[in-house]
Amino acid sequence: MQGSSQPLLRFEGVTIATRGSDSSRVLVSDVDLHVSAGEALGIVGESGSGKSLTALSVAGLLPSGVALSSGRISFEGKVLTELPDSALHRLRGKQISYVFQDPLTALNPTITIGRQITDVLSQHVGGSRKTLKRGAIEILSRLGIADAEKRVRSYPHQLSGGMRQRVLIALAMVCKPRILIADEPTTALDVTVQAKILELFRAIRTTGISLIFISHNIDVVLEFCDRVVVMYGGRVMEVGTAEEIGMAARHPYTQALLECVPRLGTNLERLRVIDGQPPGAQETLSGCPFSNRCPRALGRCHSEMPLSQQASPTSSFSCWNPAPTLAAASAS
Amino acid sequence: MKRQAIFARLGQYSSGVAGLVLLGAMVLVALLAPFAAPSDPLALDLASKLLPPSSDHLLGTDQAGRDLLSRIIWGARESLLIAFGSVFFGTLFGVSLGLIAGYKQGTVIENVITRVFDLFFSIPMLVLAIALIGIIGTGSISLGPLTIDDQAKLIGLIAFSFTPALGRITYAAALVESRSDYVRAKRSQGASPLELVVLEILPNSIPPVIVQATLFIGVAVIVEASLSFIGLGVQPPTPSWGTMLADARNYIFSGEWWIALFPGLAICLTVVGINLIGDAMRDMLDPRAGVRSGFI
Amino acid sequence: MQDAPLFELQDVSKTFPLARPYFPFGRKRSEIRAVSNVSLQINHGEVFGVIGESGSGKSTLGFLMGGIERPSSGSIMFCGKALDAMDRRDRNRFCRTTQLVFQDSASALNPRRKVRAALRDSLRLAGVPRVQRDGAVKSILHLVGLSDEHGLRYPHQLSGGQRQRVGIARALAMEPSVLIADEPVSALDVSVQAQIINLLLDLREKLNLSIVLISHDIAVVAHSTDRVAVMRQGEIVEMGVAHDVIHSPQHPYTRALISAVPKGLAARGSAHL
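Heads up: the sequence lines are chains A, B and C, in that order.
Residues in the first sequence are numbered from 1 upward in steps of one, following the numbering used here.
Residues in the second sequence are numbered from 1001 upward in steps of one, following the numbering used here.
Residues in the third sequence are numbered from 2001 upward in steps of one, following the numbering used here.
There's no promise every hint is true.
[Stated by the list, open to error] If the Cβ cut is set under 8 Å, some of the chain A residues that face chain C in the computed set are:
| id | residue |
| --- | --- |
| 1 | 195 |
| 2 | 243 |
| 3 | 272 |
| 4 | 274 |
| 5 | 321 |
[Stated by the list, open to error] Each pair of labels, with its calculated beta carbon distance range:
| id | chain 1 | residue 1 | chain 2 | residue 2 | range |
| --- | --- | --- | --- | --- | --- |
| 6 | C | 2186 | B | 1194 | 31 to 39 Å |
| 7 | C | 2092 | A | 286 | 48 to 56 Å |
| 8 | B | 1194 | C | 2032 | 27 to 35 Å |
| 9 | B | 1024 | A | 300 | 55 to 63 Å |
In short, the hints are calculated from the structure, not lab data.
Where a beta carbon is used, it is the ideal one built from N, C-alpha and C, also for glycine.
The task is simple: from the sequences and hints, build the whole structure.
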């Protein structure tokens, strides 16, 4: 979208593994991706795809025992992986903000939401209690929470899922970050609420914030994001613009995903299926992680991870035996 | 979890192993008291009173000439018996009441049980114990035809003071587990309340209790020692670490340091060992160890 | 008996009392009306879908039909017999023949019991004699697409899809004629969802089951059901043949639901970013 020379955030060859004493398990392998200013990048993946770890690694939020084992992450040209934790801490919340999936556990259940917002505000903005409170009320109503005056005194469990998610987004937006990383922000929500939250994200994007939107729902990602990364088993399978992924996907996994998502409008007796299940955390994989489920798997696929090849200036995929592009667009 | 698995995992935590060693040593010594003790702990020998540690008496003698080492070994028996016994019964009653209260949420029973817990919880354990002994009296007591000896009485008392805490923990877990889908599913398939509570709810409510109960063993040692120290616990001449400390009170400043130090050290090592085990168990009993798949 | 519909609900409501009010001063004890005057009919061998968002009462409706909850008012008839008028024997038979499959398979299985043990328990409750239980466990596992080896694992050692199959297996242990599946695939990966739905449909054919499929995911329901009811805040706002409801929704709420479903690339034409 915006043709800035340098991307805002860039991953180069990032590999994340557990830091075991004797054995170490690779969880995310050789990830290259980038987000430009003002762009919305979608990361699609199922469980075990490594998408959440990839997101957490940006601000150094990986859980203990898990760490970057190679590669670099740069933000605005600065290499994040070389920064000490104190510098990262200053970036978190200010420039790089997160919105997580489960708003109930992401909010402190014993503190009112008004207080949680004013706490963050006071740290970064400061002011008297009254101004802080007014600021909190204003943020809440701007984000679509009705009756914000009363709501500031509510506790998280008294709000609906959609409202809680708005509070989380409010907390993330308080300091006007440059990039917002949302990990499955609408997954726990009802469909109608999800639509509203997506509207909210769209509105947020108009302020020029970059967005990484992680979801297992490829339709949400296709509808909403500029570019899409498809991950499976800790690796990037395919990258492209939303149109390219939606209509001209080459990787068998992407195609299978697009086909087997239950959608309104297709008239199938039985839903299309991908047999087997995504790799669990326990399994280490050699070769392409999708090879044991792939209808187009060659012998080579099981032993050698395919190299990434460009399909167009804006898209690439990693497959030894890519499929011809899907003739028809995804349904409806 | 199988026994081997438990011990294998406990071994992963070196502090837990250290704790096991400490406690194990004490328990072993207590069990082997008749063989381990060099002399009769009750044998008075006023000629050799207040002797410092020497080759004859490894830890010295007390004011009545009794060998300190033997007294500590026999005292281990006393103290550990009371400690383990009280935690055992406290757990038994606490868990039972907690399970009932948690399963029967919303009923009068639940209210009664939790209020009783709250009531006794609000009284500090030691104060409660002192008050109760003050009422019941020291030494063996007789309830009509029954004679309850000193030890049993102490065990019962200290167990009683542990029951609310352990009951509360169980109650909290049982509350959650009783509402869970797997209990609901089984109940809808026709399982009886007893089966539900014992087979389904209990195993899932027990881990935090085990940790707390383990830590309570150490507390029990100290409670017994404290009670004995002030004369309300084990009655002389039966040796227990607390009574030995009580005796030692008079000799701390006059230079016979060994009379106070060694019993105190015994208590300290035992409790430290127990706490180490308790900590290790807490880490160990989390069923989801390792990288949590939710992050991927 | 086969003439009567499988389920017939007439004006069924269910209210739950809230816990003691937040403010202890004189507020009346408030209630939640989870299900409000619901009337519907489900036929034998049908796959009936219940669509709704959270708070719509769809799960409660499932529990009412499954006998786990009792209605506060109205009547529920199963094969022509009213539930509250059933004697003990009929009631037991009803409980056995309607089985629930829960949403969150992680909490629907006892985390400290192996799969095999849990299935054996269910078989015991179903009255299967001890000698036959092991064999029955094996055949049920195979029926749901799992292997014997899966029986030896704990729930947390299985993937979400596998756990859900175990949940279905547990229900099948009672040899039901009705499966009430409450959000059976919501917690699963997309590439696995279809497997479970297809499994349910296969089981329906193999075992002659009727299925009540409760979900918030319209697309899932649209594909697998014969008839559908849309619920909102405890009430049914629209009901009918699945194809008709989905493709020509009458009620504005149904329309709103359908339009809120992300449509992927197709939606990009209109939305500009």
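Next item on the list: Please test the hint of 27 to 35 Å on the beta carbon pair from residue 1194 of chain B and residue 2032 of chain C.
Entry: Since residue 1194 of chain B and residue 2032 of chain C have Cβ atoms about 31 Å apart, the given range 27 to 35 Å holds.
Check: Does the Cβ-Cβ separation between residue 1024 of chain B and residue 300 of chain A fall within 55 to 63 Å?
Finding: holds, 57 Å
Item checked: Interface hint for residue 321 of chain A, Cβ within 8 Å of any Cβ on chain C -> violated, 19 Å
Note to self: Quick check on residue 195 of chain A please, does its C-beta sit within 8 Å of some C-beta on chain C?
What the structure shows: holds, 4 Å
Item checked: Hint check for residue 286 of chain A and residue 2092 of chain C - Cβ pair distance inside 48 to 56 Å -> holds, 54 Å
Checklist line | Minimum beta-carbon distance criterion (8 Å), residue 243 of chain A to chain C | finding: With Cβ-Cβ at 7 Å, under 8 Å, it holds.
Check: Holds or violated: residue 272 of chain A as interface residue toward chain C, Cβ cutoff 8 Å?
Finding: Check passed: Cβ of residue 272 of chain A comes within 6 Å of chain C, closer than 8 Å.
Margin query: A closest beta-carbon separation below 8 Å is what the hint needs, so does residue 274 of chain A meet it against chain C?
Written below: holds, 4 Å
Check: CB of residue 2186 of chain C to CB of residue 1194 of chain B, is that within 31 to 39 Å?
Finding: Since residue 2186 of chain C and residue 1194 of chain B have Cβ atoms about 33 Å apart, the given range 31 to 39 Å holds.
Hint check: a violation occurs at hint 5 only; the rest are consistent with the structure.
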